[in-house]
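Chemist: So the chains spell out like this:
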Amino acid sequence: MLRHGELDQKKDHILITAAQNGDRQAFGELVCRYHYGIVNVVYRMCGNQDLAEEAAQEALIRAWRRLYQYKPQYPIRSWLYRIAINIALDLLRQDRDEIDIHYLELEGSEPNPDRILEEQESARAVRGAVLALPPASRSVLVLREYEGLSYQEISETLQIPLGTVMSRLSYARGRLRRELADYMETS
Amino acid sequence: MNGHMSEDIQAYADRELSITRMHAIEAHLADCAECRALLDQQQRLAALLQAWKPLPESVAPVQIALPEQARPVLPRVLKLSWQLAPMVFVGIWTFGQALAIVGSLLQGVIHPVVDSGLWLLAGRNPWMMTFSFGSYLIDAWLELSSANNLVLQFSEGVLISIGLSLGVSLLVGVLFSGWLASGWAYYIHQKTSIAIDNLEIKGVINGLH
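Protein sequences appear in the order of chains A and B.
Each residue of the first sequence is one higher than the one before, starting from 75 at the first, in this note's numbering.
Each residue of the second sequence is one higher than the one before, starting from 96 at the first, in this note's numbering.
One chain only, chain B, in its complex shape (with noise of 0.2 Å):
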């Protein structure tokens, strides 16, 4: 017998093996008596081990005392972004507004600043920002559209005025209600598991046999 053929053996006697693969060891096993007397070995080894009995069935019923059950924690990287949500955008807040200041000091020193369109941001308060950055825009669009008419430069002061404004101030209030909003439907849910759990603490599984 081939030492690499003990696992072939092995897997055939197991019925773990394609039919074709069956096969040629079936026409090995003709051909060779130490193989066949392995197959054997193995089949009176199989019938052997059954000599240990498995445990008699209890007639008795399963009783487990179920603790709580563990639910999926969020990762800590995403619990901590969650948490420092509110603080990110006052630091990017404070970036603009440092960014709007030192523009404002830089403004008629360096002429490039000027020229980049960092002048959008200088000395402004942020809520201007809006309105500067808006009116850029739209000059910008007249001038390539060259229709320069009433009805435009009327759209534009409505635009202006109240509409980018207004977009970022309820940006602002929907990203900040949406944030308190999950964080108490978070708080409700540890809650109420935690209630629910506490409830069922001393539940017990009665399982026929």
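This is chain A alone, in the form it adopts within the complex (with noise of 0.2 Å):
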């Protein structure tokens, strides 16, 4: 019997089949399975909801006219959050300038004003400090610690290998840990 991530997988192999083969309403639902995820990851790069939604975009247009170039061995996930992340590291190349770190959209609403006042806070200061990593450090981060991927999946998504993943994980940590200490004595 197969188990869920095996049932989806089988159904990703299909749908992709039939996109390859020219299936728009196949991609489609490739689209929905994953275009949240693709907004998330490039959020968290660029730090910019519009640009991150344009970049979701253009990643799946681009990811629908390569969709040939795609290797079923690897998840379908990690081939279009790296086609995402390289987006996105375009999009940081060229407005580097206008990516203010300090900027935050403010979501949900608490009924506690102080809670609020402190979480928002903190989400800044995150956002500020996950922002401020190199991007190259910073895609590991946004994966592991947002998507959840394995060390593996990552190294497939970003094509590195294995101890890079490891080494970059750990400098990120490591320099969140420093800058954002004063949040964790409090947290």
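Be careful, since some hints might not be right.
Claimed, not checked - Label-pair restraints from in silico Cβ distances:
id, chain 1, residue 1, chain 2, residue 2, range
1, B, Y281, A, A210, 37 to 45 Å
2, A, A255, B, R110, 20 to 28 Å
3, B, E163, A, D256, 48 to 56 Å
4, A, S224, B, A128, 39 to 47 Å
In short, the hints are calculated from the structure, not lab data.
By construction, the Cβ of each residue, glycine as well, lies at the ideal position given by its N, Cα and C atoms.
Put the two chains together into one complex, using the hints given.
Modeler: Right, here's the structure in full:
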């Protein structure tokens, strides 16, 4: 009997095969499955919602155009994330000066104003510290901490050796520990 | 804490180690306060990082206007070789002709050329080269089998006069027709693909979250 993850992979495989043969509806289903993840990966990379949505669209269009290049031995998620991260890195190179790491969009509301302020302050600090990381380390950290990918999946997504994944992650966490030390004390 | 343990502690917290290695790190953690502190810091950092919330899921449909899907392209070398195939064939043919003319000029002048078997090509039309070569082969076979009877001689005549020439003609015909057919199929495929993509280029994906 197939497990949930295996069933998902099997369904992905069917959809990809159909999309590779030009089936737009099949690609539409893949978009529904992965669009949200892609937008968030790019959002964590560049810190701007509009840019993230624009880059996600660009990534999906690029994926559609080059779907014949996709190799089924890797999960489609890794492949889509790789395209999205490359686009995000391009955006970062172009708009390096335009990214305001102190800007923060606020979502939701809590009844306790002090709690809201505290959370906003932590979120702002975390966002600033993550966006200040070098892009290479940031992409590894985002995929691990926010997307929950395993080291192996990160290695496949970014096409870097497993050892490099570990060292970049270690560097990113070490730097974040130092920069967010005050917030870690209070958390 | 040893510096080299930092990545191990990290991999332990991420549950990326083998069971054996996990047990080894657990044993180390029981004795090392510094590594325990590092593990605690990592766990607190992981929790703190979640303060930066993801974007809310959009309720609006995802709309993407998909362009024409790219298709795998043949490597340039393969494309060129396919187009150059008839020219290569003509080149080989010309080389054979040239060899026949040169062989004819040399015949009688240089004995080794005659003895080496090049006389088969000498001064002959390329179509006749198959005749000469077939005759040469069957003579050799008859000599070996020492069965020089009428049936075999008749077979020799039939094989030489019809079989080989027809065979070569057929081969050339099949190769040329195959080349033409593949060219036509490629042209039709390209034309159909472009037509389909142009029709659907305004298509929009409506994905519901």
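Chemist: Next step is simple, just say for each hint if it's right about the structure.
Modeler: Now for the hints, and whether the structure bears them out:
1. B:Y281 / A:A210: 37 to 45 Å: holds, 43 Å
2. A:A255 / B:R110: 20 to 28 Å: 25 Å Cβ-Cβ, so the 20 to 28 Å window holds.
3. B:E163 / A:D256: 48 to 56 Å: holds, 53 Å
4. A:S224 / B:A128: 39 to 47 Å: violated, 29 Å
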